[in-house]
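Generate the whole structure from the sequences, applying the supplied hints.
So the sequences go chain by chain: A and B. Numbering-wise, our numbering puts 382 at position 227 of the first sequence, and it's gapless, one number per residue. Numbering-wise, our numbering puts 1416 at position 198 of the second sequence, and it's gapless, one number per residue.
None of these hints come from the bench; they were simulated from the model. Where is the CB? At the ideal position from N, CA and C, for every residue including glycine. One thing to keep in mind: the hints can contain errors.
[What the hints assert, rightly or not] A short list of chain B residues far from chain A (calculated; beta carbon distances all over 10 Å):
| no. | residue |
| --- | --- |
| 1 | Y1299 |
| 2 | R1301 |
| 3 | F1306 |
| 4 | G1347 |
| 5 | P1364 |
| 6 | L1517 |
[As the list claims (entries may be wrong)] Sample of chain A residues at the chain B side, in silico, Cβ under 7 Å:
| no. | residue |
| --- | --- |
| 7 | L692 |
| 8 | A696 |
| 9 | G742 |
| 10 | G744 |
| 11 | V746 |
| 12 | R768 |
| 13 | H779 |
| 14 | P780 |
| 15 | W782 |
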Amino acid sequence: MTNLVWLLLSLALASAPHLGRLPFWVGPACLVLGWWRLAILRKQAKLPRKSLLLLIAAAATGGIFWHYQTLLGRDAGVALLVVMIALKLMEMKSLRDTMVVIFLSYFLVITHFLYSQSIPTALYLLLVVLLTTATMIGYSHPLERFASRPRLRLAGIMLLQAIPLMLVLFVFFPRVGPLWGLPKDAHAGMTGLSDTMNPGSISQLIRSDAVAFRVKLDGPAPDNSQRYWRGPVFWDYDGTSWSTRNQAPAGAAQFVPLGKPLSYTVTIEPHNQRWLFALDLPDRLPPGSSVTADFQIMAPSALHQRMRYSLTSYPEYRLGERLTDEAWERALQLPERNPKARQLAAQWRASQKSPRAIAQQALTLFREEAFVYTLKPPLLGKQAVDDFLFGTRRGFCEHYASSFVFLMRAAGIPARVVTGYQGGEPNPMGDYMIVRQSDAHAWAEIWLDDAGWVRVDPTAAVSPNRIETGIASALPAAELPPALVQLDAAWLMRIRLSWDLLNNNWNQWVLGYDQDRQKRFLSGIHRGLDSWQNMALAMMAGLASVLSGIAAWMLWRSPRRAIDPALAAYQKFCAKLARQGIARAPGEGPVDFAARASRSRPELANQINRITRLYLTLRYGQRHPAWLPRLRKAIRRFRA
Amino acid sequence: MNSIIERISAHAGEIILGKDRQIRLALVCLLARGHLLIEDLPGVGKTTLAHVLAKTLGLHFQRIQFTSDLLPADILGVSIYERDSASFKFHPGPIFAQLILADEVNRATPKAQSALLEAMEEHQVTAEGVTRPLPEPFFVIATQNPAYQIGTFPLPESQLDRFLMRIELGYPDAQAERALLQGKDRRELLTQLQPCLEPQELAALQQRAAQVFVSDALLDYVQALIHFTRQTPRFLNGLSPRAGLGLLHGAQAWAFSDGRREVLPEDVQAILPAVAGHRLRPGAEFAGESGAALAQYLLASVAIP
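Put into structure tokens, the structure is as follows:
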């Protein structure tokens, strides 16, 4: 009974974090199955018939297929695993079945890492592993009623003993490429900027306080208003959304650096896209990546894993002094919509001569008319730009960037939308900067004859706070998503930053311990240690020393009991026979054992009986110390 | 095997066919100065076995047939007024014998049962304020029908514990059955049976059995067995210290009957089902397991140290 409760408890904890991700009926179904199993044990009832179980299994499989339209992949696979473990409970007859369930429970623990690899997840799963181990101990222990405390203690000791092994394996196990592919849907649900931008896409992103990337700067941090982290650049507008579906216009990615360079290292969280983010404008590229003429840095493949890269940027630059015909055309392309905005642009163009002055006029419009910077803009109709400029006048950065670029293009000035992140929170404890999804931003770039591409941020005209101090101070408190609420108390802030520092180290040293980092780390310890042969050797040596260390500790700790020399000799004899397949059961008496052994090896019967007689006299009779050498000699000579 | 024991067994085996192990266990039980409970269906030879033992050991034998209207006085005896001496004179009951056969002990009421069982433990009876010792040696062989028979008062656990061993006879095998059917009347054979022992000889045998050497290693084993029953939920409760002593004395007697001067683990294993079988109760989750199955589980689970 106790054991089953333990098993059910550890299974429940092992599957609990999954339940929110699974079809709604899986949790209740598992609960019912667990309760049923408990009731069966309590009432001494029979386990359900196989046909019934098959029926339930088929129904559950059907339900999962119906929900996911597949049985493969991460989500459907996990759902199937959870349901089948619960069903396995219903046919748990022997210890072997129980062990299968326990091992499946360990496996279930691993599947959580397909969803999250954070520190809380790891700690929680450690707890589950402890419970599962305690459950296994309970089932393996001859005393079927094994109290909770000693059982947990034993499990804890076992896990503690496993920790050095884990560390050795972690450090030395040669990191090779993935041995198996992860299911396709394993990377779903990551947040980040996307390859299209429409009204609302960035304001959705703002609600998440997930970290986009962390930056370690080699020098002093630039002002907040200079921290534009460049991401996707949009050229094509269809009236509602901007997209990068067509490639950026071809051309050389060159610019003239003007000021001092700034070096930094970015550790980017996976976001399922290829973009790498850099301060305007990057000079040297991370290895393997490519760069387009409009300075979007692209990783070789979509980022499914955390990545680290080093960059140098020049905050002051001159970009694109000449514009190709293709770029010129794309930067002026407009859909046939928004007549009012076009008309306004045409007016400006007629009255103002210089593009610079026209851009200024547009910014003045945003600044002086009653435009509002808000996370909750009203919906726009088909004439989105007109509706926004002359109607609602409430919008977020994507509204301002989008309508600004529209106005510029309508006025004949080449322009494009740039998205990325703006700002970042310095972590003084770790000397690095945290850029979150909530720092996502959209701005504009216009092309001027005398200066090339120039960054213009229309949001700054509406809400200067957004650019100078960050998003949290730019929005009314009531509109702020909970993730962005500023923590007033300094100690709360400190805790939050310490937590982020811890996460950063976890990412850098635990999750980010890849082939590259392993090589660097190991060759730092000892030269030549970074070849995989030496790694494997070091791993084996490490494992051996850890194991012998634990063994020595246990031997040293266990009370020394004087072992009867006759018993020790007899055990050698039993071992010799055991090697021949004649093993003595623990409860088998020496006489019975001798009879059995003689039956299967009649030619040894004399020797076996003589040894047994000597042993019995020595161990159970009145002592004849002189017989001990005889017993030893007989056993030495014994050849099974 | 010890020659005397062998002779007795051979004698008994002529009458009770194919039950050598049970005969030997019964003998060992007497050698260990323990009382014996034979539990089986009617007609498999329980009473005959008791008779045979009494006869071959040359003991003064009395049989008490337990019935539901049996009174303690019927067992212990009563005082009757005698006109000649003008006083009450105690007439000893059937309990004043060396070997008592308490037949169908579970048919009597608990009151009558306890009169017998007290005598078993104390080796004396108290009637009408006077305590009288029982003869030596004093054995009780009780037989009982399995409790599912109608009209029985099962012995409570505390009283079962006073029997050193409980054995079951079981049906004879085909060969023994044929011999039984072809052979002479058992009653007749019984009357012809000659004692193999003088009463003093039995006392000497008992003494020698108690002197069989017990090593520390063997005590370790006995303790491991007892400890296991007290720790494992498969058993409702563990073996009592009396049961532990019973195991030891039984094993000594078994080793003695085997002609050995020291006790081996096998001796303990041989007598354990008989000694522990009626004392072990299955735990709540193992209801329905017989004492024999529990004893087997115990032997298989405890390693010989």
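A quick look at each hint next to the structure:
1. Y1299: 60 Å, holds
2. R1301: Its Cβ never comes within 10 Å of chain A, the nearest being 64 Å, so this holds.
3. F1306: With a cut-off of 10 Å, F1306(B) remains clear of chain A, as the shortest Cβ separation is near 56 Å.
4. G1347: Fine: 49 Å to the nearest Cβ keeps G1347(B) off the interface.
5. P1364: Check passes; 23 Å lies beyond 10 Å.
6. L1517: Check fails; 5 Å does not lie beyond 10 Å.
7. L692: 40 Å, violated
8. A696: At 36 Å from the nearest chain B Cβ, A696(A) fails the 7 Å test, so the hint is violated.
9. G742: 5 Å, holds
10. G744: 4 Å, holds
11. V746: With a closest approach of 5 Å, the V746(A) hint holds.
12. R768: For R768(A), the interface hint is violated, since the closest Cβ of chain B sits about 11 Å away, which is over 7 Å.
13. H779: Violated, about 11 Å.
14. P780: 14 Å, violated
15. W782: Because about 13 Å separates W782(A) from the closest Cβ in chain B, which is outside the 7 Å limit, the hint is violated.
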